[in-house]
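2 protein chains.
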Amino acid sequence: MNRASLYEQIKKKGSCLCVGLDTDLQKIPKHLLSASDPVFEFNKQIIDATHHYCVAYKPNIAFYEALGPRGWESLQKTLEYIPKDIFTIADAKRGDIGNTSALYARAFFEQMNFDSITVAPYMGEDSVKPFLMKDKWVILLAHTSNSGSIDFQTLEVNSSGKKLYEEVISRSQQWATPDQLMYVVGATRSDQIANIRALAPEHFFLVPGIGAQGGDLALVMKHGMNKQCVLLINSSRAIIYASADKDFGKRAGEEAMKVQLEMAKFL
Amino acid sequence: MNRASLYEQIKKKGSCLCVGLDTDLQKIPKHLLSASDPVFEFNKQIIDATHHYCVAYKPNIAFYEALGPRGWESLQKTLEYIPKDIFTIADAKRGDIGNTSALYARAFFEQMNFDSITVAPYMGEDSVKPFLMKDKWVILLAHTSNSGSIDFQTLEVNSSGKKLYEEVISRSQQWATPDQLMYVVGATRSDQIANIRALAPEHFFLVPGIGAQGGDLALVMKHGMNKQCVLLINSSRAIIYASADKDFGKRAGEEAMKVQLEMAKFL
Chain B
2 MNRASLYEQI
12 KKKGSCLCVG
22 LDTDLQKIPK
32 HLLSASDPVF
42 EFNKQIIDAT
52 HHYCVAYKPN
62 IAFYEALGPR
72 GWESLQKTLE
82 YIPKDIFTIA
92 DAKRGDIGNT
102 SALYARAFFE
112 QMNFDSITVA
122 PYMGEDSVKP
132 FLMKDKWVIL
142 LAHTSNSGSI
152 DFQTLEVNSS
162 GKKLYEEVIS
172 RSQQWATPDQ
182 LMYVVGATRS
192 DQIANIRALA
202 PEHFFLVPGI
212 GAQGGDLALV
222 MKHGMNKQCV
232 LLINSSRAII
242 YASADKDFGK
252 RAGEEAMKVQ
262 LEMAKFL
Chain C
2 MNRASLYEQI
12 KKKGSCLCVG
22 LDTDLQKIPK
32 HLLSASDPVF
42 EFNKQIIDAT
52 HHYCVAYKPN
62 IAFYEALGPR
72 GWESLQKTLE
82 YIPKDIFTIA
92 DAKRGDIGNT
102 SALYARAFFE
112 QMNFDSITVA
122 PYMGEDSVKP
132 FLMKDKWVIL
142 LAHTSNSGSI
152 DFQTLEVNSS
162 GKKLYEEVIS
172 RSQQWATPDQ
182 LMYVVGATRS
192 DQIANIRALA
202 PEHFFLVPGI
212 GAQGGDLALV
222 MKHGMNKQCV
232 LLINSSRAII
242 YASADKDFGK
252 RAGEEAMKVQ
262 LEMAKFL
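Those sequence lines, one after another, are chains B and C. If you want the working numbering, it's the position in the first sequence, counting the first as 1, plus 1. If you want the working numbering, it's the position in the second sequence, counting the first as 1, plus 1.
A pair holds if it fits inside one copy or across any two, identical chains being indistinguishable in the list.
With a straight-line cut-off of 20 Å between C-alpha atoms, the simulated SDA-like cross-links for lysine to any residue are:
no., residue 1, residue 2
1, K247, E42
2, K135, D86
3, K28, A103
4, K28, G99
5, K78, S35
Rather than coming from a laboratory, the hints here were simulated on the basis of the structure.
Generate the whole structure from the sequences, applying the supplied hints.
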């Protein structure tokens, strides 16, 4: 999906919500476990209930990989079920030497038909470039939202006053245009988002680590937007596990709508 | 597999060779393509021919992932076929927030029974710790052998005179003992290996980027060993694709033996 189509969706739906499909057999409602493919059955009902309120779905690949070959089948079926006008993100955090990254690109962009993949920057340019294809996106880890993000990402590099994640953002802009490259920018410290926006004025940010809390969301929207809304804001557990009962789809839809209505105030 | 058993193998075989199973349908001998599982058939014959000369096998996960669910089945069968006294490495370069890394650990250490997994350090401590389990190993990317390794890994951090990969090595030693943690150290500049050995005197290094060239190998052995041989030196293409004909197994065995004989001079 290209930038124009993605932005069109955001305007049309008044939403920049991404729903994270972190589907865990230990957390989905018990009555689904007797289905032939419980993971797909759960995802299908979540997608049915939420697709009017979101512009992207982000399966977290680890949850599928942990189930072995049948997990990959559930993932493939889920991807095919997602409406074609919705952006899809393989949250895989891959990245390897060139010929190996090319194979990961084949796995996620050809074997499956994802629009984008999250990529780790540690191995540098040749580990990222094989993912750059027409109408496909690299979503590069910049500043993540976990506690370990302070171990290396915030170290100052080359006495420049710049932190490692800022160097990742500066340098990677030489590798791809804002039509092919997004950044993962954690929402746990939303004041930082304004600084990162200044470094990458045009790029989409994928923002994880936000729940359905209006407060945080408003700060991220305020500091992360440029004149357009070049944000995809992810919520996973707060939406998909809003209920552990038979009404889980309905409840997920309600939670997604709440977030969408909050977003619409800014759009 | 624990450290004692791994080191025992190295002494017994006079080898620290790791054979990389980068099995590519476009490169394996054509006559195998009619087999029901060509990838497994190729790996089986490579393992039959090389297992006397190596102490580890390293499937590069991208090659299997690119084939979809049947690739994971080939990988599982390959892993079960590897003799139990040989160390196994999932070259997966995973790493994500804690609960997600825990699922990758489940995929590679429980769903499959690998001894170790390569992990990218960018997301810090909580992305690495879930992989630390009894008799399982994290092989953390430190200084890789690809051209992009100079983009971020060699930046100086916090005006300390230390490069990022050196900081990765120092800091990660607080997370795990040398019985659980190895480092990926590229062989393209073998003079650096001596410096890295000084930073991590006890840890095993997984050294990629070496062919069957005696020269490079000798330098890596000389600079990388401590009083024991705490090295696993990988060769992939030079061994597994030594021939594209029906004699590919025999030729792979000969190439592996050549490397082993060179290694034995140091052991």
